[in-house]
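> These are the residues of each chain, in order.
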Amino acid sequence: MKKIINYILTGVLLAATSCSDFLDINDSPNAPASVTPNVLLPAALAGTAFANNNELNRFGSTITSVTAGAANSPAAYDIYNLDGANFNNQWRFEIYNGSLITYKTLMGVSEEIGSRSYQGIAKIMSAYTFSIATDYWGDIPYSQALQGEENTAPELDTQEQIYLGGDGVQSLFDLVKEGLADLESASTINPGSDDLIYGGDLDNWKKAGNSLLLKFANTISRVAPERATQEIQAVISGNNFIANNSENMNFTFGSAVGSRAPVYEYTNVTAFRNDMMISTRFLNLLQGKNDPRLPIFVTAPTGSYVTIDNGFRGALPTPNTSWSRFSEYVTGDGEGPVRFMTNAQTQFILAESALMLGTPGDPEEYFQAGIRASMALAGLSSTEIDAYFAANPDEVTLNGSEDENHEKIMTQKYISLYGNGVEQWNDYRRTGYPVLADHQNAVGVDGTRPVRAQYVNEEIARNTNFEVILPNVRVWWDID
Amino acid sequence: MKKVLLCLVLTIMTAYTVMAQSRTITGQVTSSDEPEGIPGASISIKGTTTGTVTDIDGRYSINVPGESGVLVFSFVGFETEEITVGNRTTIDVVLRQDVRVLSEVVVTAQNIERNEKSLGYTVQSVKGDVISQRSEPNVLNTLQGRVAGVNIGSASGSPGASTNINIRGITSFTGSNQPLIVVDGIIFSNNTDNTQNTLFGSQPGNRLNDIAPETIESINILKGPAASVLYGSRASAGAIIITTKSGSGMEGKTEVTITSSFNMQDPINYAPLQNNYGQGTTNNFVPTATTSWGPRFGTPGFNTVTNTQGETVPYQLYPNHFDLFFQQGTLLQNGVSIASGTADDNFILSINSTNQEGIIPETGFDRYNVQIGGNKKLQNGIDVGGSMTYVKSKQRSGTAGNGGSAMGQITRIPRSYDFGGTPFRNELGAPIYYNPPNTHPLWSTQNETFDSNIDRMFGNLTIGYDFADWLNVTYRVTADTYTDRRKQILRIGASRSPQGSLGDDMVFRSELNGDLLISMNKNDLFFVEGFNANMLLGQNINQRDFQNTRVVGDGLNIFGFDNVSNADVFTNSLETSSRRRLIGHYAQLNLDYKDYLFLELSGRVDQSSTLPANNNTYFYPSVALSFVPTDLFDLQSDILSQIKIKANAARVGRDADPYLLTSLFSQASYGNNLAQINFPLSVGGASVPGFFPQNRIGSMDLAPEFVTNYEVGAVFSLFDYRVELDVLYFNTLSTNQIFDVAISPSSGFDNRTTNIGEMVNQGIEATLRALVVESGQFTWESELNFTRIRNEVKSIAEGVENSTIPGNSFLGIAPSIAVGYPYGVIISTKNPRNDAGELLINPATGGFAPGVPGQVIANQQPDWIAGLSNTFRYRNFTLSTLFDARVGGELYSFGQVDLRSGGHIDYTGVDRHMPRILPGVIDNGDGTYRPNNIQIPAQTYFGSLGGLASEGAVFDATVYRLRELALNYNLPASLLNNTPFGQASIGVSARNLLFFAPGFPADPEVNTQGAGNIQGMDLSGPPQVRNYGVNLRFTL
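Top line first, the protein sequences correspond to chains A and B. To convert, note that position 67 of the first sequence is 67 in my numbering; the numbers rise steadily by one, no gaps. To convert, note that position 338 of the second sequence is 338 in my numbering; the numbers rise steadily by one, no gaps.
Because the hints were derived from the structure by calculation, they are not lab data. Among these hints, one or two may not hold up.
Covered stretches of chain B (in silico footprint by chain A; criterion: 3 or more residues with CB under 8 angstroms from a CB of chain A, positions within the stretch not fixed) [unchecked claim]:
#, stretch
1, 656-662
2, 692-698
3, 772-779
4, 789-802
Backbone N, C-alpha and C define an ideal beta-carbon position, used for all residues, glycine too.
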């Protein structure tokens, strides 16, 4: 008997003495501790695509009278209501905790293995994603952001610093240029099918980088015209930007459940799909121009367009299956695509710059190229486009005063940006074009259309560097 | 059973009966419990060894020498009675139950039986007879209202719904605050295993559901760290020691017990609804409106309307959609147990079944338990024992939660919607509803189901040996393992997944424990008489495994084919595994001086795999003192029987969850219920994997968290132990909490794991027990318990004023910890008020001024809870009642907001045409305010009272309740004499028969999030139920 007890005791003691191994089991089997660039890149790109294509897009489209809210948050946006409870997921999980931290990780991982191409793409996309954030929120954490434990409450950089640099802050222009320089360098490994924008075509990435420089310059063109002019001239003389629809900087989702673009899910699938439809104002705008893109852009399930006015608070049209919504031009069959930068966009930027800043080129030529690029992207043949130009000369020629011509450019750009509410709102705030009437039943802070997004409540609560700035305060580049 | 046992005693005792000379006294010994007579009671002549025992009818006969003799009547469990014989020849005696004896022995940590008098901490014992046959299959629910210091709340009346239990408040920010459950020495998983989003998903049960109440002999609740310190980290939230029935008390006999009960369950419906207005908004009919703000019934032009499907339908009242949706539930429980043996050689075999059909169509709970166990002292002196239990259970529930679920829609049925008469599916099964893509609640119950299939084994094996009469060594191995095969079905058309989704979810848990226990005792230590000591040395080796593998098939093709091969996409599939180990060494020294002064010193060292290797060992001590001044100073009187003073101080450490030390990556996903993607993405026919950094930053500096507790109290026993008052105060300080502190999202991460914070619990517990009346065949026992706990979060992290409790919650309605507030407050948007506390009105709209986000709007913790149980016995009848009260505390309710802002509830139909004015004031702009005088329509008014994410959704959860009513009748022995039955009883019982909730239109005891740290939220969950039925028990 005692023997048995002795055996047990011995066993117990053995177990106790070898316990350093016994307890060394705390490595997670559920999540990797390190990953490779080819899995980081698509995750990060998808985050940027989500940021552009989801809630920020619904807000941008609604506040610029492209869409109208029928219920829930789009209905609130429609009457100018916006506060710190909005865009929480976008700020946190799509921008900072989603795409931006992943680009930052990608930069580090690819630097270690000498992949300059991954680094370059990460920098260009990082700059673009930061631009979405600063354009919506103004001053944001930038140079101190994304440092994790090193800085759990980063300070904000001003939007001016972010765009122009200075005080130790690298400008978005320089970040893109650094990325472009990476793309020119020898690289150990290069992206392929994991690059959900260009499938690993680095030449197109260079074009995208230069086009982003155009976009950034265009954004600051009123507050810092000299810098804008200088940046645009440099890109024009480099002549390596998106100048063809096939070079468009598009993120393509899939058509299967769980792989589809948020705008597709929101328009066609989710329980919230009846919260928003196309605005009567956008319909009227295109009808007024006899625009052949209307039936391509906007659905008409019953054969005629069913829309509501912005801010409308009466009984909604029934049934909701009759409503006019984003068409496949925007949603695809789930793929999107999400159009970050398009040929039409660069053409309109060059048209506006030539007109307003005097950069090289003929404004009308760029203007018409922009319209043609957009119509071609919508699927119209060159014959159809020519026919439209012939029948509607006033729509496609810059034959008015500078302001009138500016309005024409911006209005056509607005139409061509259909489905990209982020850029529509940016352009509208910067130029005031197209002229948009106030929405019905407007409330907001003071009855005016919001000109910035309010910092999310989580940042206010967690980071004392943030203070509440209401949506009626302009951002730096929005001078009037 | 008792009778059988006593017959045995009788036979033995008779042999020793001494026959004396002189005259013979006869009589009968009875009690209020057993008016037919107590068999086996002993009668002795005081001062002699002469005695006898009563026969089967309680009758006796004894010869006494003279008239001066005194007869002593005694029986275990009863007070001893002394009667002077005098000149009588017949003496009948009614023995009184000894209340003191019943509560004397309790089971403490590591299943050590102790005399309650010696404890410097608090252990409350609940006997099996108040748990079994109570119309309630969940053991935890049967404890509601019975135990001071314990807060128990069930999630809903849905079959198998989980029940939350906290002993002495919340002590950990994020760790489990549920007590450790120990069943026959087996550490028993009571996990809820929420593998789905609790906001939308179905609610699995807590796994204590796997214990059949019929099998329980007793439950001992170890309150506070001092009581549970020997169990270590795991029991810092207290422990519940469940002892199941065994054959050890059978005195060699065999007993077969058969139990059966049948109960009905009625839903406790929502508030009454208005009957005058139908579907619509602003007095117009709108076919897709979820509200009843449409035209008044009978309005010209609204005799018929066109519904969402384009059909012309009558516009009229359909009054009873709740009645058409809910059904009467049934609960059938059956059991057989065979027990036999002696303390040294015994076995038990029991089989129990529970079959429940819920109040919501398609829901149910079935459970089958088989248990076998026994002990034997071998010839060589080795004690061996073991038991093994197999449980098979199946829970079927539906979807719940806001919006797209049966429960989310049932509060949004317009009063003119023909709930029972409108078809809700087409011939292919696809949903038809007034408000697509939502679905009819009956479509949901048929096509959105969640099954949980448990197969569980648990058991123990003990081997022990007495090396000397003062030294025992025992080794005990326990195992508890289960698999829960879950299946979530969302058929094509479900609003949560319009293209359909199937989830095959496998949850596996296993826990192994090896405990070495060396116990020693020595009396008259250091040659001091009455100075006794015993000491326990122990070692525990623990391993816990968890695995959850889930195959989720999305994008279904064939309606009704609920097999994942029917799906196109599997990107929501996942695997989560964890393993953790812990080695603990513990010691306890008990010193006892002359049975009036007791000192207990305990200590435990734990070494955990989940903490950093260089900082994974931590020690914690406990000291407990019990002092009985009445024994020392001999203060006993007719009034004062005993005073015991108890005091203790203890500290318990708690380790982290596994894998918190490092920052990791995870498969990327974006979005929420508006739009969502999950990697790998399927793009252009190719599968593209994607990973990104997790939102949490790990910490290699993590240390254990601690709970430090002080407790003082006293137990007063009065009137010959007929009244006992147990009062105590405790103060618990939780420090060094392991918490994921929210950080600035622009840091690139959302939170970081670290040790922070401080939280305090202060509480008063009181229990008053009394034998109120004992007169002849009638007794009345009463027990009142009272608990008042004040919990406060003292600090979180530097610069952090509040943080969300991990778990699922809606944005803007965050169950939180907030400095200066009790744990679990809800942070949301609050209506602004002026300095005088008056609500501010927006002069432009007449509504409340825009709300201020980030404010504490609700506190779910009650001010106090109390329970009052009464047991009345008359002859063979036993009537027991249990009232309880939960006063204060708030409930956040989506369903009630739906009914109010939707214009469904009765008072929204009263004078609806009259404009209303919200209570509040308007800012004059100069620091003064004028009363609000802006008239607004009824719809605006009730809408303004509060939408979902506002303080308007908060209700007072105070409730007074007749928790239980049970009447039991024991068939008299005379009736059973010629039957094979030793004992038979029949009873009726009811639970939740009546309640009064002044601040809430329904039963406020609901919590959609189930057992866990998030409480006080009714996010469109199933309601509570009322149970009533009959039960039978007989023994062979």
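> Confirm or reject each hint.
Here's how the hints hold up against the structure:
no. : hint    : result
1   : 656-662 : holds (count 4)
2   : 692-698 : holds (count 5)
3   : 772-779 : violated (count 0)
4   : 789-802 : holds (count 4)
Hint 3 from the earlier list is the only one contradicted by this structure; the remaining hints agree with it.
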